[in-house]
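For this one, chain Y is given, so just place chain Z on it according to the hints.
Number of protein chains: 2
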Amino acid sequence: MAIQTFKANASLKDNVLVETEARGHKLIIDEPKNLGGSDKGMSPIEVVLAGLGACQSIVARLYADKFEINLKDFSVDVEGELDTDGFLGKSNARPGFSTIRYTYNIETDASEKNVDAFIKHVEQNCPVGDSLANEVNLIPGKIIIKNPVK
Amino acid sequence: MAIQTFKANASLKDNVLVETEARGHKLIIDEPKNLGGSDKGMSPIEVVLAGLGACQSIVARLYADKFEINLKDFSVDVEGELDTDGFLGKSNARPGFSTIRYTYNIETDASEKNVDAFIKHVEQNCPVGDSLANEVNLIPGKIIIKNPVK
Chain Y
3 MAIQTFKANA
13 SLKDNVLVET
23 EARGHKLIID
33 EPKNLGGSDK
43 GMSPIEVVLA
53 GLGACQSIVA
63 RLYADKFEIN
73 LKDFSVDVEG
83 ELDTDGFLGK
93 SNARPGFSTI
103 RYTYNIETDA
113 SEKNVDAFIK
123 HVEQNCPVGD
133 SLANEVNLIP
143 GKIIIKNPVK
Chain Z
3 MAIQTFKANA
13 SLKDNVLVET
23 EARGHKLIID
33 EPKNLGGSDK
43 GMSPIEVVLA
53 GLGACQSIVA
63 RLYADKFEIN
73 LKDFSVDVEG
83 ELDTDGFLGK
93 SNARPGFSTI
103 RYTYNIETDA
113 SEKNVDAFIK
123 HVEQNCPVGD
133 SLANEVNLIP
143 GKIIIKNPVK
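Same order as they appear, the protein sequences are chains Y and Z. Just add 2 to wherever you are in the first sequence, counting from 1, and you've got our numbering. Just add 2 to wherever you are in the second sequence, counting from 1, and you've got our numbering.
Hints in this document: simulated from the structure, not taken from any laboratory. Only true hints are included.
In this list, chains with the same sequence are indistinguishable; a pair is considered to hold if it fits within one copy or across any two.
Only pairs whose alpha carbons sit at most 30 Å apart, straight line, appear in this in silico DSS-like list of lysine-lysine:
1) Lys-42 to Lys-92
2) Lys-9 to Lys-122
3) Lys-74 to Lys-15
4) Lys-35 to Lys-92
5) Lys-42 to Lys-122
6) Lys-92 to Lys-15
7) Lys-35 to Lys-68
As the structure is a prediction and not an experimental result, all values here were calculated from the model.
Isolated chain Y, as found in the complex (with noise of 0.2 Å):
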């Protein structure tokens, strides 16, 4: 068992602009203009699909060599289908992705046989495509109000 707690933070700052930050490093995360933000970074969900497509890469570059595959090259483009009547209220679909696909792009002299068993390996070993792909425990959120009305 080695299991480590990573931590972020998240600060609602003017209209849905949001500054995030972890371990020092920072990110603005907006809606774009047709969604009510000023467009001034990703969207939660496309920063939850780069966020898949990074460790799908690194779990691949982890991987690699196991699997004999010379990567020259790996990018790979990620696809989320999500309902925005859901969390906007309209209807009763759910709030979040019901599908996400993903097109592989691998410059390598390894054998197709051998890039398809990888490409699996990657798929089944990304601890971001398990959190989507599986259900992870959310707990509900401890509240603390400053300056409430008692």
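Frame of chain Y; chain Z shown alone:
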């Protein structure tokens, strides 16, 4: 139904550094030095935690008026537990998060009762939260190989 497709691209660079992009917004994702990276940005799982906190923050902004919450300040600290032995193949632990918890810091003159109902609604309607708490259909990726051995 207002199903939209959201997209991102991730491109593996030196070692485990990944350049990601969505709608022209760029984000560098990397691993910390103790996990073999050069620490040029958040790791993928930190990006997901930041995205979760940002998503809750934005949903809070969207619903504050409806719950009569005068939202003077809102931030959220997110923590996720993950057994790194899982994706490293050292144990049978799941590769992803086992548990995610958060603490909300809210400055408002609304009553505690209203804030509780508000936060419950935020948690139930956050797209990223729902995508993590419940299963998403991750479709095995299409693989495009350049220069394979035939």
